[in-house]
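There are 2 protein chains.
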Amino acid sequence: MASQIAGVKNTNEDENAHKDLGFCGRVKNKVVEFPMKLKKLGQDDPRRIVHSLKVGLAVLLVSLLYYFDPLYDGLGATAMWAVLTVVVVFEFSVGATLGRGLNRILATFLAGSLGFGVHHLANLSGEKGHPILIGLFVFILAASVTFFRFFPRIKARYDYGLLIFILTFCMISVSGYRDEEILEMAHKRASTILIGAFTAVSVCVFICPVWAGDDLHNSVATNIEKLGSFLEGFGSECFKISCKGGESNKALLKGYCSVLNSKQSEESQVNFARWEPRHGRFRFRHPWKHYLKIGSLTRQCAYRIDTLNGYINSEIQTPLNIHSTKVQELCMKISSESSKALKELALAMKTMTRPTTATAHITKSRIAANSLKSFLKSPGLGGDIHLLDIIPAVTVASLLTDVVAYAEQIEKSIQELASLSHVQFKSAEPKTEQEQTKLHKHGIVHPCAATDGPHHVITIVQPSLKEIENKG
Amino acid sequence: MASQIAGVKNTNEDENAHKDLGFCGRVKNKVVEFPMKLKKLGQDDPRRIVHSLKVGLAVLLVSLLYYFDPLYDGLGATAMWAVLTVVVVFEFSVGATLGRGLNRILATFLAGSLGFGVHHLANLSGEKGHPILIGLFVFILAASVTFFRFFPRIKARYDYGLLIFILTFCMISVSGYRDEEILEMAHKRASTILIGAFTAVSVCVFICPVWAGDDLHNSVATNIEKLGSFLEGFGSECFKISCKGGESNKALLKGYCSVLNSKQSEESQVNFARWEPRHGRFRFRHPWKHYLKIGSLTRQCAYRIDTLNGYINSEIQTPLNIHSTKVQELCMKISSESSKALKELALAMKTMTRPTTATAHITKSRIAANSLKSFLKSPGLGGDIHLLDIIPAVTVASLLTDVVAYAEQIEKSIQELASLSHVQFKSAEPKTEQEQTKLHKHGIVHPCAATDGPHHVITIVQPSLKEIENKG
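Protein sequence lines, in the order shown, are assigned to chains A and B.
Once you know that position 327 of the first sequence is 340 in the working numbering, the rest is easy, because the numbers rise by one and skip nothing.
Once you know that position 449 of the second sequence is 462 in the working numbering, the rest is easy, because the numbers rise by one and skip nothing.
By construction, these hints were calculated from the structure, which means they are not laboratory data.
Among the hints, a few may not be true.
Distance condition first, Cα-Cα at most 27 Å in a straight line; then the derived DSSO-like pairs of lysine-lysine [what the hints assert, rightly or not]: (1) A:K339 x B:K386; (2) A:K302 x B:K50; (3) A:K41 x B:K302; (4) B:K53 x A:K168; (5) A:K346 x A:K363; (6) A:K302 x B:K43; (7) A:K50 x B:K41; (8) B:K168 x A:K50; (9) A:K43 x B:K302; (10) B:K276 x A:K306; (11) A:K276 x B:K50; (12) B:K53 x A:K276; (13) B:K168 x A:K276; (14) B:K168 x A:K41; (15) B:K267 x A:K425; (16) B:K201 x A:K201; (17) B:K50 x B:K267; (18) A:K356 x A:K346; (19) B:K276 x A:K53; (20) A:K53 x B:K201; (21) B:K50 x A:K306.
Put together the whole structure using the sequences plus the hints.
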């Protein structure tokens with residue numbers, strides 16, 4: 014809370030500093046900063062530079078239609094629609110470009126034929142009735158299709174198609190009043206749009222493609238990793254234990270913030286990824302929607318972590334000094350073990366290997382959580398300490414237990430993903446014998462003899478909650 | 014946590030039920046459900062129906078260009094650009110329509126003149142050099158403008174303009190190679206786009222306008238209200254106290270979920286609202302960006318509430334039965350008082366009146382939080398109760414204290430909004446004398462004698478934290 018308010022204050026101070034400069038100073042500042050910002054933008058994601066060059070190339074390619082006589086003679090001035098299509102359809106990822114391209118082509122064909130039909134129908138009603146009938150159709154169609162665009166599901170995948178549908182329908186049916194050769198017009202429009210969409214999609218797919226599916230997979234994994242990084246630094250930061258790299262530690266602790274608002278970008282990436290063909294490690298019908306579930310659990314966990322973050326910089330460290338070395342130790346154990354588990358899960362997801370030690374880490378953090386419970390239950394405690402003194406520690410411990418529960422859920426949903434996507438999650442490199450024995454001893458990894466069919470589900474014998482309680 | 018997992022299970026069951034129906038059954042189901050969904054879509058927000066009719070009307074109006082000879086003679090087939098502009102520019106809110114319209118007009122003019130200049134420059138280089146030079150310009154411009162579109166700030170407000178800029182530039186400069194009358198073409202394109210944008214904006218503004226600013230203002234207030242509603246139901250739900258309307262209570266408790274992911278929609282609404290002229294209660298330069306701050310605090314508070322929500326349906330009520338009627342009572346007091354405060358703040362924001370009793374409620378909830386602290390400090394406690402038994406209660410109390418802190422922050426930022434937007438937050442209807450005296454007694458409302466100038470800041474004498482501690 015305190016740190017957040019400090020953040021707000023800093024922004025205000027920055028704004029005031031800017032205001033002090035006057036208009037000229039601010040303009041000068043912006044001009045000086047601009048190239049630096051440009052450079053940073055490129056450095057942050059070099060694919061942005063490649064994408065820009067690709068757009069330039071696609072527009073250049075399609076404008077060749079104008080320069081070669083044989084091409085131009087067939088299409089004439091409508092060649093412009095090809096340029097327009099490339100500019101409008103070309104998006105950053107393959108999925109988005111394919112989605113827009115297919116939407117545009119399909120909508121143009123459908124609306125073109127409908128417009129053509131309506132034009133003929135209106136023609137039957139004579140000179141006077143024609144504009145009235147066309148006007149009526151245009152009004153009804155524009156209104157009803159606009160209304161369909163409010164459907165959340167339709168909006169997510171076909172919004173652009175519906176827009177192009179209205180546009181093409183109006184274009185063909187209304188032009189029909191003046192131009193008798195609307196069949197030729199419709200034909201030309203359709204073929205130029207095909208050329209444009211084909212150029213855009215080809216350049217997008219064949220030159221350094223950016224797959225929305227890859228981005229989604231990596232961003233979901235990175236989000237889990239960010240939570241792990243927070244928990245890694247949390248223990249020492251919370252209990253003010255000196256460690257190396259104080260500043261970089263702070264940065265790690267802030268990383269989780271971007272997870273909190275990741276919903277919309279994940280949803281749109283899923284929609285893009287669903288347009289994409291088989292690529293790299295992903296089949297055509299990869300269970301993209303399952304990423305939303307993992308993402309949602311990650312965000313729920315991040316909300317707890319945001320609450321935990323409020324306890325750093327709070328008064329927690331002072332009253333804890335006397336009595337709670339044990340509490341402190343256990344909290345740090347829970348935090349570090351769940352950090353390891355989350356990081357291992359993120360890595361396993363990124364490399365698409367089976368997480369080998371994640372379950373062990375989760376079990377350890379659970380055991381630590383249960384030990385903490387037993388410790389707080391012990392009758393020796395509570396005699397001479399004020400309850401008030403350990404409220405923050407208890408709250409932190411309680412929140413950490415929540416985090417462990419979410420880490421478990423995340424693990425389960427990643428395993429579900431592995432089983433849904435069939436044989437794609439491979440075993441990691443075999444562990445050393447010593448490590449294997451250790452895991453078996455904990456009852457965590459069940460030596461799986463043979464894989465049965467295409468579903469290589471990871472079979473893990475999890476010690477039940479009761480067993481852990483007994484152990485704790 | 015448990016309820017969430019139950020939710021996931023339910024969805025799976027629904028999906029399985031759907032799968033059992035077979036393809037035909039599912040199609041039939043969808044066809045049957047479709048009209049009901051359409052009806053619900055309209056009932057949820059009747060402005061959607063009005064918007065759809067408005068789009069139909071605008072397209073109809075602009076297609077009149079085709080039907081009247083005097084209009085058509087001037088523009089010819091380029092009249093189509095007007096139809097295209099209306100379809101593409103017309104958005105749900107006035108701000109979005111204005112933003113797109115202005116972007117389109119400005120970008121067309123700028124790119125048109127630039128394209129015209131480049132065409133003349135290329136003409137100087139002779140028959141052979143012309144296409145090469147034009148090609149080079151098109152490539153460089155398309156690539157660099159595409160790169161600019163990655164700037165988050167530019168993307169937020171001018172993304173569409175940059176797209177149209179590339180499009181128009183390519184159109185004018187490339188067409189120039191074939192068509193010598195590009196000045197006329199540029200002129201016609203510009204005027205038809207002006208006509209289209211003007212029609213779209215006029216219909217959008219003058220027939221039942223939907224203001225993005227209004228929507229933003231109301232949605233931020235509604236989000237605060239949702240948190241209040243959760244807290245209202247939380248106490249009784251958490252401690253399993255029977256109350257009327259169990260089901261509606263559950264619905265209230267779920268309302269806060271939409272607040273968690275409100276960031277992106279708020280940001281886009283702010284961007285739209287900034288295009289809007291003075292309307293209703295808002296001036297032209299209303300501090301729209303300040304809503305982002307209030308929204309951010311609301312979300313932070315919602316994260317705590319999501320954590321609190323995890324404790325409903327948990328084992329909290331059982332071990333609390335013996336010792337903690339006092340704890341329970343105080344938790345309920347904190348929760349109900351901060352609920353009242355948040356609801357009052359939301360109402361004050363919606364009606365743009367000064368919140369009169371919100372500070373009193375916040376103070377009361379603070380006092381209750383401090384009483385809880387003192388109670389836990391008391392030496393009588395801790396003797397024979399297990400610490401473990403009251404962990405959930407302590408955690409809930411601790412989280413509620415956090416919520417109170419956020420409620421305070423939200424109150425402050427609403428007051429800031431009131432002072433930034435000058436004379437627009439009016440006093441609510443005067444309270445009864447009894448209520449006023451009560452508030453004065455608590456030292457909460459300072460009888461403000463006169464308002465000084467345009468800044469009617471609400472002057473409130475808040476009892477300091479120390480005073481409250483002493484009182485508790």
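Structure-based check of each hint:
1. A:K339 x B:K386: 23 Å, holds
2. A:K302 x B:K50: With Cα atoms ~23 Å apart, A:K302 and B:K50 stay inside 27 Å; holds.
3. A:K41 x B:K302: Holds, at roughly 24 Å.
4. B:K53 x A:K168: Given that 27 Å is the threshold and the Cα spacing comes to 16 Å, the pair holds.
5. A:K346 x A:K363: With a Cα-Cα distance of about 26 Å, the restraint between A:K346 and A:K363 holds, given a limit of 27 Å.
6. A:K302 x B:K43: Given that 27 Å is the threshold and the Cα spacing comes to 20 Å, the pair holds.
7. A:K50 x B:K41: 55 Å, violated
8. B:K168 x A:K50: 14 Å, holds
9. A:K43 x B:K302: 20 Å, holds
10. B:K276 x A:K306: 20 Å, holds
11. A:K276 x B:K50: Cα-Cα ~24 Å, so holds.
12. B:K53 x A:K276: 25 Å, holds
13. B:K168 x A:K276: 19 Å, holds
14. B:K168 x A:K41: 22 Å, holds
15. B:K267 x A:K425: 25 Å, holds
16. B:K201 x A:K201: 22 Å, holds
17. B:K50 x B:K267: Roughly 22 Å separates the two Cα atoms, so the pair holds.
18. A:K356 x A:K346: 15 Å, holds
19. B:K276 x A:K53: Given that 27 Å is the threshold and the Cα spacing comes to 25 Å, the pair holds.
20. A:K53 x B:K201: Cα-Cα ~41 Å, so violated.
21. B:K50 x A:K306: Holds, at about 25 Å.
Hint violations for this structure: numbers 7 and 20, all remaining hints satisfied.
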